[in-house]
Amino acid sequence: MNLTLRIWRQQGPETPGEMTEYRVSGISEDMSFLEMLDTLNEELILRGERPVAFDHDCREGICGACGMVINGQAHGPERTTTCQLHMRHFDDGDTIDVEPWRAGAFPVVRDLMVDRSALDRIIGSGGYVTAPTGSAPEAHATPVPKEAADLAFEHAECIGCGACVAACPNGSAMLFTAAKVVHLNVLPQGAPERASRVRNMVETMDAEGFGGCTNTGECATACPKGIPLTGIARLNREFLRS
Amino acid sequence: MVMASATRTNRTTRTPAPGRHPSSLASLWRSSVGKKAVMAVSGLVMLAYLVAHMLGNLKVFSGPDDINGYAHWLRTLGQPFLHYGWFLWLARLVLLAAVLAHGTAAYQLSRRDLKARPVKYVHQRQRATYATRTMRWGGVILGLFIVWHILDLTTLTVNPAAEEGHPYQNIVASFSTWYSGGIYCLAMLALGLHVRHGFWSAAQTLGANNPRRDRGLKLAANGLALLLTAGFLSVPVAVMAGLVR
Ligand code: HEM
Ligand code: SF4
Ligand code: FES
Chain A
435 MNLTLRIWRQ QGPETPGEMT EYRVSGISED MSFLEMLDTL NEELILRGER PVAFDHDCRE
495 GICGACGMVI NGQAHGPERT TTCQLHMRHF DDGDTIDVEP WRAGAFPVVR DLMVDRSALD
555 RIIGSGGYVT APTGSAPEAH ATPVPKEAAD LAFEHAECIG CGACVAACPN GSAMLFTAAK
615 VVHLNVLPQG APERASRVRN MVETMDAEGF GGCTNTGECA TACPKGIPLT GIARLNREFL
675 RS
Chain B
-11 MVMASATRTN RTTRTPAPGR HPSSLASLWR SSVGKKAVMA VSGLVMLAYL VAHMLGNLKV
49 FSGPDDINGY AHWLRTLGQP FLHYGWFLWL ARLVLLAAVL AHGTAAYQLS RRDLKARPVK
109 YVHQRQRATY ATRTMRWGGV ILGLFIVWHI LDLTTLTVNP AAEEGHPYQN IVASFSTWYS
169 GGIYCLAMLA LGLHVRHGFW SAAQTLGANN PRRDRGLKLA ANGLALLLTA GFLSVPVAVM
229 AGLVR
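Those protein sequences? They're chains A and B, same order as listed. Here our numbering = 1-based position in the first sequence + 434. Residue 213 in our numbering sits at position 225 of the second sequence, with consecutive numbering throughout.
Please keep in mind that the hints were generated in silico from the structure rather than gathered at the bench. Since the model is a prediction, treat every value here as computed from it, not as a measurement. Backbone N, C-alpha and C define an ideal beta-carbon position, used for all residues, glycine too. Where hints are given, some of them may not hold.
Said to hold, decoys possible - Selected chain A positions facing chain B (Cβ under 7 Å, derived; list incomplete):
id, residue
1, Arg493
2, Asn505
3, Gly506
4, Glu533
5, Arg536
6, Gly538
7, Asp640
8, Gly645
9, Thr650
10, Gly660
11, Thr664
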């Protein structure tokens, strides 16, 4: 495949950036989107130009590092992470726009790389259970109802990629925060800190400059892990009852 | 877990200390989630009022005596416990509070939302429904309409007939002008859109939604929006068609 790429290039956080056009050829449809970018970067290096900076780590859809907006969609046209997006979802001759996550709380570091540590600070303010650690407890020591376990698992799937924030017209982190709060608040282990957890995490979310939720639903559509929009309703309920 | 590879360490941590939160209305209003809840509750209060208002309006079809009598009855409601007209003023007070709370929350939250997405995407795509995308401007239209509507049929300032105590005559006179009928019809379409997103959204905001209820709530929102819009529209349409005169 031969493709035209229009990629956001920005030297650093304070410098202005712009969309820059590149052509790549000989792309196999079995390549992932990141491998396609690797191909471009190898060419750029050979030409003596600065390669395109982007985040990635596991390349198997579990770490959440590889976010970028492809043709206006977070993680591109398929419901998966960018590293798991294959080039067969594009056609020969396509022009593809690649931009970084856009949100006030996610400053661009360079090119397609943004600083998502605001999400870490939300977690730091309550996304854990205060408990003595040690060896893992016996599995039957704390019984968990099936429905609660299913809910917790569903919400625990969040990999913190930030696609929800990038897709939201308000740059809101409600889906992310909902995933973290619901995951812990429905479990008996999370119950003692149920109220303070949701209050602290919502407060940090606001303080970090994320927007509010207008129930637009773009987040849940973009989420590679299928965190449901109704999780936000559950977060709201947890907040209001606290 | 989140692993932002390039972390700027010069940012101060604003993590609040756990467990020191006064539980009050002020702290509710300060948080984006709480403010949104105020918006949802005030929206639902207005919505309940509008259902009653719409049903009352349909009395136009049973003639001048019926609706004029109904208007009088509204003022005697609660007597002798309340004085003449007090019930109506109480309702107006509640509605005024609801409109102010709703509008203020909408304004403050919208400002916050716009600031949270300072840079737009070069590659734009439109996906949310029309009703969702028009909540802000639709809300502004509704706010302006409320002002016009009060000047037209409550204070009678801009009403062509302006007969105090005779709503039937005032309604017919108002909707006999093209501009008043037009403004009213447009506003009711905006209302339908606002309610279509708003009712479901309020359920979501107040934590009443879950996967099992989601479809039902969306259907209810559409039904409610359709009912309100059709009910309110029937009056000006009937006047303009000459069925009510
Ligand atoms: C003063 C004029 C009004 C303004 C400026 C306004 C504005 C807004 C805005 C900006 C939203 C948030 C939309 C979003 O989250 O995407 C909203 C939601 C809502 N509005 Fe209004 N609106 C007005 C009048 C009304 C009226 C007359 C009703 C009664 C039917 C109403 C009912 C609602 C409801 C139920 C919601 C949903 C609240 C939620 O999302 O939790 N609004 N309004
Ligand atoms: S909720 Fe979904 S989109 Fe948002 S950070 Fe978690 S995995 Fe990514
Ligand atoms: S690189 Fe880990 S999820 Fe894509």
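So, going through the hints one by one against the coordinates:
1. Arg493: Violated: closest Cβ of chain B sits about 13 Å from A:Arg493, beyond 7 Å.
2. Asn505: At 5 Å from the nearest chain B Cβ, A:Asn505 passes the 7 Å test, so the hint holds.
3. Gly506: holds, 4 Å
4. Glu533: holds, 6 Å
5. Arg536: It holds, given that the least Cβ distance between A:Arg536 and chain B is near 5 Å, below 7 Å.
6. Gly538: A:Gly538 check passes; min Cβ-Cβ to chain B is 5 Å, inside 7 Å.
7. Asp640: holds, 5 Å
8. Gly645: holds, 3 Å
9. Thr650: The hint holds - A:Thr650 has a Cβ within 7 Å of chain B, the shortest such distance being about 5 Å.
10. Gly660: violated, 12 Å
11. Thr664: holds, 5 Å
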